[in-house]
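There are 2 protein chains.
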Amino acid sequence: MSLLQKTCAKIAIPDAALLALAEERLDSLTKPPGSLGRLEELAKNIVAMTGKLKPRIKHKAIFTLAADHGVAEEGVSAFPQEVTAQMVLNFLRKGAAINVLAKHAGARVIVVDMGVAADVRLKNAKKLDYRKVRIGPGTRNFTREPAMSKSDAVKAIEAGIGVFREEQKKGMDICGTGEMGIANTTASSAITACILRKDAREVTGRGTGVDEAGLDRKIAAIEKGLRLHSPDPKDPVDVLAKVGGFEIAGLAGIILAASAARVPVVIDGFISGAAALIAYTLEPKTRHYMIAAHASVEKGQASILQHMKLEPLLNLNLRLGEGTGACLGMGLAEAAVKILNEMATFKSAKVSTKLHKK
Amino acid sequence: MSLLQKTCAKIAIPDAALLALAEERLDSLTKPPGSLGRLEELAKNIVAMTGKLKPRIKHKAIFTLAADHGVAEEGVSAFPQEVTAQMVLNFLRKGAAINVLAKHAGARVIVVDMGVAADVRLKNAKKLDYRKVRIGPGTRNFTREPAMSKSDAVKAIEAGIGVFREEQKKGMDICGTGEMGIANTTASSAITACILRKDAREVTGRGTGVDEAGLDRKIAAIEKGLRLHSPDPKDPVDVLAKVGGFEIAGLAGIILAASAARVPVVIDGFISGAAALIAYTLEPKTRHYMIAAHASVEKGQASILQHMKLEPLLNLNLRLGEGTGACLGMGLAEAAVKILNEMATFKSAKVSTKLHKK
Chain A
1 MSLLQKTCAK IAIPDAALLA LAEERLDSLT KPPGSLGRLE ELAKNIVAMT GKLKPRIKHK
61 AIFTLAADHG VAEEGVSAFP QEVTAQMVLN FLRKGAAINV LAKHAGARVI VVDMGVAADV
121 RLKNAKKLDY RKVRIGPGTR NFTREPAMSK SDAVKAIEAG IGVFREEQKK GMDICGTGEM
181 GIANTTASSA ITACILRKDA REVTGRGTGV DEAGLDRKIA AIEKGLRLHS PDPKDPVDVL
241 AKVGGFEIAG LAGIILAASA ARVPVVIDGF ISGAAALIAY TLEPKTRHYM IAAHASVEKG
301 QASILQHMKL EPLLNLNLRL GEGTGACLGM GLAEAAVKIL NEMATFKSAK VSTKLHKK
Chain B
1 MSLLQKTCAK IAIPDAALLA LAEERLDSLT KPPGSLGRLE ELAKNIVAMT GKLKPRIKHK
61 AIFTLAADHG VAEEGVSAFP QEVTAQMVLN FLRKGAAINV LAKHAGARVI VVDMGVAADV
121 RLKNAKKLDY RKVRIGPGTR NFTREPAMSK SDAVKAIEAG IGVFREEQKK GMDICGTGEM
181 GIANTTASSA ITACILRKDA REVTGRGTGV DEAGLDRKIA AIEKGLRLHS PDPKDPVDVL
241 AKVGGFEIAG LAGIILAASA ARVPVVIDGF ISGAAALIAY TLEPKTRHYM IAAHASVEKG
301 QASILQHMKL EPLLNLNLRL GEGTGACLGM GLAEAAVKIL NEMATFKSAK VSTKLHKK
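Protein sequences appear in the order of chains A and B. With this note's numbering, the residue at position 148 of the first sequence is 148, and numbering never jumps. With this note's numbering, the residue at position 162 of the second sequence is 162, and numbering never jumps.
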């Protein structure tokens with residue numbers, strides 16, 4: 001069995017009995033039963049995911065995977081391709097939004113070069129949470145040829161699995177997904193349109209902020225790519241190979257590996273959502289380990305979450321990516337777990353319970 | 001001039017020019033302009049509130065005010081009245097949800113006994129963030145007589161102002177509101193129905209979880225109180241005196257004092273919302289200093305926020321109070337300010353800007 005197959009085979013449905021035990025514990029705490037709403041649901045789900053009645057959230061990590069996209073040539077982004085490499089350097093120098101929000105959440109950021117066009121070199125890279133598993137110098141332009149080979153798609157997913165497993169050794173109680181890659185909303189919309197069998201226009205937004213003409217070019221490029229290659233919606237590796245991206249494949253690997261390791265994985269926005277859709281199509285049980293951080297401005301994301309039956313925690317009109325929304329969602333997940341672990345019970349605090357039990 | 005009048009007179013509309021400067025700064029940071037959505041709006045508003053282009057959020061405090069309500073006699077709550085005092089002790093022993101979530105947000109909790117029926121005594125109270133400014137041993141049952149005198153209503157508001165000003169001396173960059181008081185959703189619904197001229201049924205929910213019969217008793221009590229006393233919707237002190245509560249009046253004072261001191265104040269759920277409505281009716285400029293933390297399950301809150309034109313940050317089906325939602329909102333406010341203060345600019349990080357400027 002390949003690493004990908006082995007990882008999928010290890011993913012199990014969480015134990016439902018733990019949900020009931022977690023609910024019992026939550027109802028014994030000094031608050032009206034259920035009054036912390038979605039925080040309580042989140043706490044219960046994390047108990048079920050981790051298999052621990054008192055899960056610990058200490059080691060937190062955001063995986064920010066970067067890669068370039070050949071389809072950028074089609075004028076589908078508001079920013080030039082060189083920005084991908086420039087932003088990777090910005091991540092490593094801790095100047096980006098993801099650095100600020102990850103620090104706020106107490107999470108480390110693991111930056112992974114999955115295939116940035118310009119080879120990023122940094123003197124002190126070894127001291128940083130930085131990895132290079134370059135599948136190639138960006139994908140090919142999928143309006144003309146497949147983005148990558150099927151074997152490179154598998155290689156990229158397995159690279160994600162490998163990165164997760166390496167990082168898990170340092171401690172990993174929860175993780176989040178993030179990315180950087182000029183034109184990667186185009187690849188994500190193509191993946192979403194294909195797997196969910198939707199029109200490109202229904203699942204394509206403005207990314208970093210293209211104008212009307214840019215949006216039309218984007219939709220045309222997606223339609224052209226899907227028409228040219230006819231990826232098989234039931235074969236996520238085929239979809240990745242034909243219209244995907246290295247960082248999207250890598251993130252699918254991260255999600256699969258986290259699910260196999262019973263580590264809750266906070267899904268950021270649209271591009272992370274497309275990676276989650278790949279992971280889910282490969283192995284539907286992954287959804288039990290996913291926490292949807294927020295409702296993105298990118299309209300394709302809502303269809304993905306609906307398909308996987310996940311409800312986003314936040315709705316803050318975010319459309320940045322990098323893992324920024326995942327950091328905010330992770331903060332809520334940690335709060336939920338602390339409620340479960342740190343509150344007094346009615347009994348221990350000598351507080352009277354309800355007059356009329358439900 | 002009274003302390004209340006002086007405080008209201010000090011509240012100014014924030015400088016709009018600062019909003020533009022904050023936006024300029026945000027657009028210079030390494031992210032697509034506006035891509036952090038409501039976090040960016042929040043950052044701009046905090047700049048305007050504080051009058052500082054680089055506001056600091058270091059000292060954070062949640063004010064949790066407690067009091068009892070005579071109307072509890074009418075069987076309007078799922079919990080017995082003794083729970084108010086028991087929960088105050090739980091707050092002081094750090095076992096409640098507010099303690100856990102405030103710690104998560106890095107905020108101190110200031111517990112204030114504004115008039116709990118059972119006099120709470122604690123040996124080491126002086127070492128704690130605990131204050132007693134008891135206006136009386138709970139309000140009177142407003143279905144029979146006014147909840148308090150008009151002079152006690154003013155005294156309670158001014159006590160809130162006093163507590164804020166004392167606490168501000170220890171450092172206060174942002175604060176949040178919270179409360180505890182069995183039957184205080186009944187008082188809050190009565191205030192909301194009166195000031196917003198709505199039917200009691202439209203703005204009354206299940207509080208800590210009353211059943212259908214309890215909800216009917218609650219609505220009947222509110223209707224009876226409003227019919228009996230006919231509070232003047234334009235005179236918030238009259239409304240407080242006739243159907244309010246000591247902790248609600250105190251929180252209105254906190255909000256007025258925070259606004260006068262240009263300290264952003266995160267408004268928790270429905271009861272805090274009723275206090276905000278009192279403060280807003282006394283001085284509409286207070287709304288510029290408010291951050292609405294979350295959309296509560298208690299249905300009256302939506303009408304209040306709509307009236308004050310505030311959009312809640314979170315929607316997590318919370319209905320606990322204490323200031324729990326305010327803690328989560330405060331976390332987002334801090335994240336927003338960090339984005340403004342800590343990110344690199346396109347220039348400093350040498351990242352290319354957009355191809356086509358908007």
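Hint data in this document are derived by calculation from the structure and do not stem from the laboratory. Don't take each hint at face value.
It does not matter which identical chain is meant; a pair holds if it fits inside one copy or across any two.
Straight-line alpha carbon distances no greater than 30 Å define the calculated DSS-like cross-link-like pairs of lysine-lysine that follow [to be verified]:
#	residue 1	residue 2
1	Lys198	Lys103
2	Lys299	Lys354
3	Lys309	Lys132
4	Lys169	Lys103
5	Lys309	Lys94
6	Lys354	Lys224
7	Lys338	Lys123
8	Lys169	Lys10
9	Lys94	Lys350
10	Lys52	Lys6
11	Lys299	Lys338
12	Lys338	Lys103
13	Lys347	Lys103
Tested hints:
| no. | hint | verdict |
| --- | --- | --- |
| 1 | Lys198 - Lys103 | neither (38 Å within a copy, 45 Å between copies) |
| 2 | Lys299 - Lys354 | between (44 Å within a copy, 22 Å between copies) |
| 3 | Lys309 - Lys132 | neither (34 Å within a copy, 49 Å between copies) |
| 4 | Lys169 - Lys103 | both (21 Å within a copy, 29 Å between copies) |
| 5 | Lys309 - Lys94 | neither (35 Å within a copy, 37 Å between copies) |
| 6 | Lys354 - Lys224 | between (62 Å within a copy, 26 Å between copies) |
| 7 | Lys338 - Lys123 | between (40 Å within a copy, 28 Å between copies) |
| 8 | Lys169 - Lys10 | within (18 Å within a copy, 57 Å between copies) |
| 9 | Lys94 - Lys350 | between (48 Å within a copy, 13 Å between copies) |
| 10 | Lys52 - Lys6 | within (24 Å within a copy, 55 Å between copies) |
| 11 | Lys299 - Lys338 | between (33 Å within a copy, 28 Å between copies) |
| 12 | Lys338 - Lys103 | both (19 Å within a copy, 10 Å between copies) |
| 13 | Lys347 - Lys103 | between (37 Å within a copy, 22 Å between copies) |
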